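**Q** Listed below are the residues making up each chain.
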Amino acid sequence: MTLTVKEKKDVEIEISEAWCKGCVICVDYCPHDVLIMERGKAKVANLAACTACMLCELHCPDFAIVVRDKSKE
Amino acid sequence: MTLTVKEKKDVEIEISEAWCKGCVICVDYCPHDVLIMERGKAKVANLAACTACMLCELHCPDFAIVVRDKSKE
Amino acid sequence: MSFRYEVRLSGEGGQGLVLAGKILAEAAAIYDDLNATQSQSYGPEARGGASRSEVIISDEDIDYPKAVNIDLLLALTQESFNKYKDDMKPGGIIIVDDYAVRDVTENGYKVYKMPIIQLAREKVGRILVANIVALGIIAGISKIVSEEALKNAIEARVPKGTEELNLKAFQVGLEASRNLN
Amino acid sequence: MSFRYEVRLSGEGGQGLVLAGKILAEAAAIYDDLNATQSQSYGPEARGGASRSEVIISDEDIDYPKAVNIDLLLALTQESFNKYKDDMKPGGIIIVDDYAVRDVTENGYKVYKMPIIQLAREKVGRILVANIVALGIIAGISKIVSEEALKNAIEARVPKGTEELNLKAFQVGLEASRNLN
Amino acid sequence: MFNYDQYLRITKFPLIWCPGCGDGIVLKSLVRAIDKLGLEKDSVCMVSGIGCASRLTGYVDFNTLHTTHGRAMTFATGVKMAKPDLHVIVITGDGDATAIGGNHYIHAARRNIDLTVILFNNHIYGMTGGQVSPTTPKGMLASTAPYGSMDHTFNISGLAQAAGASFVARASVHNGVQLENYIAKAIQNKGFSLVEAMSPCPTAYGRRNRLGAGVDMIEDLKRDAVPYSKAKKMTPEELEGKVVTGIFINEEHPECRSEYQKIIDRFQKEK
Amino acid sequence: MFNYDQYLRITKFPLIWCPGCGDGIVLKSLVRAIDKLGLEKDSVCMVSGIGCASRLTGYVDFNTLHTTHGRAMTFATGVKMAKPDLHVIVITGDGDATAIGGNHYIHAARRNIDLTVILFNNHIYGMTGGQVSPTTPKGMLASTAPYGSMDHTFNISGLAQAAGASFVARASVHNGVQLENYIAKAIQNKGFSLVEAMSPCPTAYGRRNRLGAGVDMIEDLKRDAVPYSKAKKMTPEELEGKVVTGIFINEEHPECRSEYQKIIDRFQKEK
Amino acid sequence: MSEKSNGKARVITGNEACAEGALAAGMRFFAGYPITPSSEIAEVLSAKLPKYGGVFLQMEDELGSIGAIIGASLTGTKTMTATSGPGFSLMQENLGYAVMTEVPCVIVNVMRGGPSTGLPTLPSQGDVMQARWGTHGDHQIIALAPFSVRETFDLTVRAFNLAEKYRTPVILLMDEIIGHVNEKVYLPSEDEINVFDRIRPTGSLEEYLPYEHTKSRVPAMADFGSGYRYHVTGLAHDETGFPTNKASEINKLMDRLDQKISMNREDIIDFDEYMMEDAEIAILSYGSTARSSRHAVRLARENGINVGLMRLRTIWPFADEEIKKISEKVKLWIVVEMNRGQIAHEVEWAVAGKIPVFKVNRIDGDPINPLQILEKIKELANVQL
Amino acid sequence: MSEKSNGKARVITGNEACAEGALAAGMRFFAGYPITPSSEIAEVLSAKLPKYGGVFLQMEDELGSIGAIIGASLTGTKTMTATSGPGFSLMQENLGYAVMTEVPCVIVNVMRGGPSTGLPTLPSQGDVMQARWGTHGDHQIIALAPFSVRETFDLTVRAFNLAEKYRTPVILLMDEIIGHVNEKVYLPSEDEINVFDRIRPTGSLEEYLPYEHTKSRVPAMADFGSGYRYHVTGLAHDETGFPTNKASEINKLMDRLDQKISMNREDIIDFDEYMMEDAEIAILSYGSTARSSRHAVRLARENGINVGLMRLRTIWPFADEEIKKISEKVKLWIVVEMNRGQIAHEVEWAVAGKIPVFKVNRIDGDPINPLQILEKIKELANVQL
Ligand SMILES: Cc1ncc(C[n+]2csc(CCOP(=O)(O)OP(=O)(O)O)c2C)c(N)n1
Ligand SMILES: Cc1ncc(C[n+]2csc(CCOP(=O)(O)OP(=O)(O)O)c2C)c(N)n1
Ligand code: SF4
Ligand code: SF4
Ligand code: SF4
Ligand code: SF4
Ligand code: SF4
Ligand code: SF4
Ligand SMILES: [Mg+2]
Ligand SMILES: [Mg+2]
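For the record, the sequence lines run as chains A, B, C, D, E, F, G and H.
Position in the first sequence (first residue = 1) + 1422 = the numbering used here.
Position in the second sequence (first residue = 1) + 1422 = the numbering used here.
Position in the third sequence (first residue = 1) + 307 = the numbering used here.
Position in the fourth sequence (first residue = 1) + 307 = the numbering used here.
Position in the fifth sequence (first residue = 1) + 27 = the numbering used here.
Position in the sixth sequence (first residue = 1) + 27 = the numbering used here.
Position in the seventh sequence (first residue = 1) + 12 = the numbering used here.
Position in the eighth sequence (first residue = 1) + 12 = the numbering used here.
Think of the hints as simulated: they come from the structure by calculation, not from any bench.
Please note that a few of the clues may not be correct.
[Stated by the list, open to error] With a straight-line cut-off of 30 angstroms between C-alpha atoms, the simulated DSSO-like cross-links for lysine-lysine are:
hint : chain 1 : residue 1 : chain 2 : residue 2
1    : H       : Lys227    : H       : Lys272
2    : F       : Lys260    : E       : Lys260
3    : E       : Lys259    : F       : Lys257
4    : F       : Lys289    : C       : Lys467
5    : F       : Lys289    : E       : Lys165
6    : H       : Lys20     : C       : Lys467
7    : F       : Lys289    : E       : Lys269
8    : A       : Lys1494   : F       : Lys63
9    : E       : Lys39     : B       : Lys1492
10   : F       : Lys212    : E       : Lys165
11   : B       : Lys1492   : E       : Lys68
12   : E       : Lys68     : E       : Lys212
[Unchecked claim] Cβ-Cβ distance ranges computed for the label pairs, FRET-style:
hint : chain 1 : residue 1 : chain 2 : residue 2 : range
13   : H       : Ser260    : D       : Asp340    : 39 to 47 angstroms
14   : D       : Gly468    : A       : Ala1440   : 35 to 43 angstroms
15   : H       : Asp267    : C       : Lys390    : 54 to 62 angstroms
16   : D       : Gly468    : G       : Asp332    : 54 to 62 angstroms
17   : E       : Lys296    : B       : Ala1440   : 53 to 61 angstroms
18   : H       : Ser260    : G       : Ala259    : 53 to 61 angstroms
19   : A       : Pro1453   : E       : Arg293    : 44 to 52 angstroms
Just so you know, these numbers come straight off a predicted model, no measurement behind them.
Glycine is no exception: its CB is placed at the ideal position from the N, C-alpha and C atoms.
Let the sequences and hints guide you as you build the complete structure.
**A** Right, here's the structure in full:
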């Protein structure tokens, strides 16, 4: 149920399909159009653009999106 | 039960013994020492001094004192 | 055989009759080792109006704590006398303040008209202790509790600092009752 | 002999199944002059989660308004199908959305897998009217209420201004069911 | 002399209140205010809760309603909404209105419903024998505050204002005329109007705190009174222990029942 | 990433809240604030009433208490008075706290008891399907206000201040970080602390009033937010329709349980 | 459940029917606080009352709601509130006030699962005894329970009529099933409905005794503002309405309050008998469980079992004498209800050991299925008959 | 009523004894709102609790008072509130919450005349049925009624013990006479008193089931803050304490709540028999009217009538089986109470018609005089025996 998108970048975004309710809030908050909606769930469309600003994670009401900034770990 | 003190003056003070609870408020308010307490009830002692200022009547909590200013009637 | 002695103290709110009843009960129960109950009736407002305090003294368990067959009635006001004079036992004792209670229709009772409030004012100096003066009179007339017990109970129960005043009031009452004999 | 026909509409909150049930009941009761009841079950919160709406249609008084022996089950989601598929009458009709409900263990029922939501989206243009598309399919397959009655009921019940859209949805459903034959 | 009798149920007299209780002075001011405004007796409805102050309704010859503890405001709201022509006056105590009845108090104020509330503030639960009230000043004794009241006290008038009242005033029984004037103004205001009447309770509050008889407590109220105009220029320290009297707010804002009438007028034909 | 899981009962997920409901955002801020302060999980007690917001207590791994409608404040008061070491946090809605629970709300504030109240203000009764609330703005529709809400709305924060609260702040879910900061400050304050969290209810409020989805309502909150510092310089007309955010009060005054401790300390030997 | 009438057929819920019945009975003031599963009553009335010139008011809580309807009723208006268990608990103090002061009003409780917050969206009949005894002090109460949407309309009207006739609050005990079921009904037109209005005084103000010990035991009731100025208090009071502590006056009041209900029990008590003529087994039920029971009776009859149904429309005062009478004809009772047997206890009391009383209960939020009852019937038919 | 003990004799009221009993039982948190005739309990405790390191809190109302004591109890503290009829009505919602969430606490109701404001200073026993059924939803309750000052002390201690043992609110039903009568007592010393404390969990947090279906039906209860983090809700819940709508889980909870009382009825039910050995007439009474009854029994015995007294100390759960057993030995019952026969109704139910049940009642604020009872005894002795 968990879609993990990994790329060679330092950022990793995890979206739980089971918890995501498709409210579009994360998409709305993302300053870099990283996220899109697909069949009622959020999805990472352009991970490369992600700056790990965390706005999406901060405001997802359903704890469905997790952004890992590995450079900070 | 009603003590009516009539004098030739224009003022008449009526104190209901049944209703008076002896709280001394009228005596305290009277600027001219017209009233005194006697055996736990208010009593007119010096009607002549009364100026019909009405303070006693205004503040008797038990509706026990009535001041009639006949000059005004 | 066991005995049950019923006392009703009546007057108006603020005359300290609940306290007097409690002292009487404690005297009997704690110091004379009898049983005793005290109860009171409230007006609709628990303040003002006629007041009633009842003490039952017995050498047995007291089941019913209300007076139904009164041995001794004290009345400090006419209103309270009128309201609470029923339920007297034939031959019972009625003690009234002679000034406040003018109208006593006495048939079959021992009636004592005593200047209770006057004694408090004149001999003790404070009307407030009329209740304790009355206790002295009750003790003297009824002998239902011992003087000693009542003194102890008074000392234990009245506000600190007023013990002497109250004991004096008790003494005044006691003596007034002695003068009757 | 009298008949009792039980319909259960299931899906998730927001799919309009309560409204669909109400329309079905009104079609039967008001326009086809039968008796009908509609009732629903709520989750603990009356919002979200699996939703169930039941319609009983009969030519007699309906005492028990809950489905116990279901003639027709509609399921728009897998979750609701799993939760509400019990109590089917042997030989009863099961209509599911072919995309959302993948897992149907059919033994002894007439199962119709229909692209209900897809029809709503593609042929009517709004997913929201899938409930009415489903009504069209139900009408076509079960014939338990007349097309006329359902059309009247839809017109009377849907929000003003959406009548045409909904009637179209109904028609789409109806036709989809006709293509089955 | 003022002829109170026409407004009173004198067969119920004497009043049950204790000697020196200030509640009777408020009652007098209230009657004079009604007389001054020339209100018909039949047009006045007085609603009270439970408490010493709330017994007032038994003594006045209006449509009178002695309700349950804390709920007077809600009964009054029902009366007013159902029969807006009545002048609805709520009689309540500090405990009745702001302890158990606090919610209805702030909501009636919020709605700005046309009620006139006379709140008798004696800093104590009088009727039940002197328990601590939300208005008992810090440090004062009460039967359930044997070591002195501990909590912050409500500013009753301030609370009504914050909640939405359109008329708020405070006066004390030491000045019966002022009280009368404020009550009259409160009745005239179309909206939620509060008159906080400071009234001594010698029995349940004064005695335990050695404040003397009612007459002494009235003297204290006289001494401590500070007019609002003057108070505005004083520091909190200077105001310590003072009783600010005056009209704190007197504004017009939309009144609940009148607003509802607009809805009725709009839809009544539609039935 | 922030590791929420350690504070959550994830087996109870997904949350019951509707898609786009803002309550989850407040929950997140709350968890981060607690983490920031480094509170022990065992030392935290969360108490809620009834309503959508109040379902929060089921999802957090603390000592959690889901009480009756409107009474959370009183249960929390009991917890705090009996076990002052616990950090007691009240989770409540606008209806829960200021309609049915209004009295306990103002009294808890009056006592300045050390509770942290997170009040989810979504302008509506969400749980019961969209009835009008004391905070529904005038003119807005609700299932029991089909012709538009008629009454004056409570200024929830202002009311807490008037009643005696020592910390009062407002933030909205559009700014989760600010919310987190205010909550942390509120927990740190020893006294009654209110954080009014503005949260969208798309289902029961947004839909009926055609305000779009949750995401749209959050955009509106973003648009309408005015910092307190700026708002102080604005006229009431300019503030019309705005949501003032910021810390309105942050003062120290005597706290109920600590004051009581003084009494215990004074008398405990006396037994 | 769809008795024909002049009107046209509608499909509405019990909650809607309750609102309609109230309007038909002349209710013009509603105050309430939302709670599942009763909220729709308020919602319908918030839209409709202004059209009738009436007032809808959402109060801050249930304590306030019942306070407001009592106040409004005193002005001569017919008033109502609606709630469910938790709110009903909060109304108990003022419910007693309405009994004591004899203020007509109708309180609707759409029962859901309890105790406490319990099962907010699921049906129950768990508040039946609370309706009888929820407020402090000895008192009488009237409570009605409808079993269909149409009957909800009818009993709502009746609730107002009884409230007005006997100057007393009347409780309408619905349950979630009845409140939420959509059902076909023909609602009666205005002229098909009997509406009773409280008796108002006609004499002079001086003669008016608002709590007069009349022969009917129901004193005339004046509207506030109509010229009869009088006093209303929840304290024990005399015939003039003023507080008293006199035992004789108190007894007079208490007896009258009791008698106005107990003397008129035949008028108030209402029940329905279904297939009882030759019944050997009698089922007793009310509200939605009476539907399951009736269904079960039909099924049992098909199985050749002589079973009938006594369906209470009036829960309080209790139909004990009527039950006693039936007990002489039948062999046993089965009491069916969505609680642990609250009314069964009263049936046992009424029957006083003459014949056995069995129970079919359910308290888990699921409605009682007719088959559950049928099973019990069969079991008892085999063993007992 | 003054059973000797080590202590020294004191003359105190029932209200004072209640406060003393609570302290002796370990009560350390009291929240209340004043009301006649219970206020003295709060007054005594406001002075004494700080001396015990406990907390006294006057709340804004009764709704808040019961909320506070439930909250405080969850921290592991023994808690109490005291009120009278009107306040008891206001506590009903949260009383049900305490039942549902199984939070021990003691609620004292010093009964005064009702309904409504009624007779605030006069005695009554009118809230007996309310104690049983006042809150919404089906539930079990424990209620005790003392008949003397000393027994008030004892039953207050017992109320706490039962509350702790069965994780449930316990109601102490006093009446104004017991509350206000001053009586001689010897209070027991600490070591003469049995105090029971709730069972606390000992296992790991992970294993802890706060609503476990144990054999005893009473799950261990953890203190908030002690490391067992769990969830408490008034919604129907499973063994973990989280809300559920599953019928099987709900039934499990409801049955356990019922069984923990019903399975232990013998332990909870407590009554006293006085001169019952050879009694032909049995009086049943409780609280202060049991004093009048005992007095009457003595008088009747002096008249040669074989009468005895069954005096209930536990009102709920009801001693129906015990009554049934006694009914086999006596010829008739007389139930004496200051209401219209609330417990008499239950006696009639228990007796189920085997022998007649008569009543002596009073509802005018006057206590029942022993002579009133004696008269009834004599009348029945003549007619029936
Ligand atoms: C529900 C309820 N709780 C408590 C009481 C007891 N009670 C009667 S009056 C009162 C307080 C009165 O105080 P306040 O309102 O200040 O009026 P006052 O007597 O001081 O005028 C209380 C607690 C009651 N009658 N009803
Ligand atoms: C005594 C009582 N009355 C009414 C209800 C029904 N009820 C549950 S939640 C709620 C209102 C919720 O509104 P709010 O507090 O704003 O919370 P939200 O759901 O909006 O988060 C109501 C009226 C109840 N549970 N208990
Ligand atoms: S972390 Fe920032 S940039 Fe990356 S997806 Fe989230 S909102 Fe967009
Ligand atoms: S914000 Fe969260 S719930 Fe909403 S769409 Fe994005 S991931 Fe899904
Ligand atoms: S009227 Fe004035 S002067 Fe005359 S007695 Fe009264 S107070 Fe004194
Ligand atoms: S003010 Fe009134 S009651 Fe008081 S002493 Fe004077 S006359 Fe009597
Ligand atoms: S107790 Fe106080 S408020 Fe009540 S009547 Fe007496 S003095 Fe007035
Ligand atoms: S109804 Fe509103 S508040 Fe409740 S969960 Fe849904 S969106 Fe959130
Ligand atoms: Mg006061
Ligand atoms: Mg809300």
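**Q** Indicate, hint by hint, whether the structure satisfies it.
**A** We went through each hint and held it up to the structure:
1. Lys227(H) with Lys272(H): At roughly 9 angstroms apart (the allowed maximum being 30 angstroms), lysine 272(H) and lysine 227(H) satisfy the hint.
2. Lys260(F) with Lys260(E): holds, 23 angstroms
3. Lys259(E) with Lys257(F): With a Cα-Cα distance of about 26 angstroms, the restraint between lysine 259(E) and lysine 257(F) holds, given a limit of 30 angstroms.
4. Lys289(F) with Lys467(C): With Cα atoms ~26 angstroms apart, lysine 289(F) and lysine 467(C) stay inside 30 angstroms; holds.
5. Lys289(F) with Lys165(E): With a Cα-Cα distance of about 14 angstroms, the restraint between lysine 289(F) and lysine 165(E) holds, given a limit of 30 angstroms.
6. Lys20(H) with Lys467(C): Distance of about 22 angstroms is within 30 angstroms: holds.
7. Lys289(F) with Lys269(E): Holds, at about 27 angstroms.
8. Lys1494(A) with Lys63(F): Roughly 18 angstroms separates the two Cα atoms, so the pair holds.
9. Lys39(E) with Lys1492(B): Holds, because 29 angstroms separates the two Cα atoms, which is no more than 30 angstroms.
10. Lys212(F) with Lys165(E): Holds, at about 28 angstroms.
11. Lys1492(B) with Lys68(E): Cα-Cα ~27 angstroms, so holds.
12. Lys68(E) with Lys212(E): holds, 18 angstroms
13. Ser260(H) with Asp340(D): 39 to 47 angstroms: For aspartate 340(D) against serine 260(H), whose Cβ atoms are near 41 angstroms apart, the range 39 to 47 angstroms holds.
14. Gly468(D) with Ala1440(A): 35 to 43 angstroms: Because 37 angstroms falls inside the window, the suggested range holds.
15. Asp267(H) with Lys390(C): 54 to 62 angstroms: Check passed, 57 angstroms falls within 54 to 62 angstroms.
16. Gly468(D) with Asp332(G): 54 to 62 angstroms: holds, 57 angstroms
17. Lys296(E) with Ala1440(B): 53 to 61 angstroms: Hint holds: Cβ distance 59 angstroms, inside 53 to 61 angstroms.
18. Ser260(H) with Ala259(G): 53 to 61 angstroms: Holds, at about 56 angstroms.
19. Pro1453(A) with Arg293(E): 44 to 52 angstroms: With Cβ atoms ~47 angstroms apart, the hint holds.
In terms of the numbered hints stated before, the structure departs from none.
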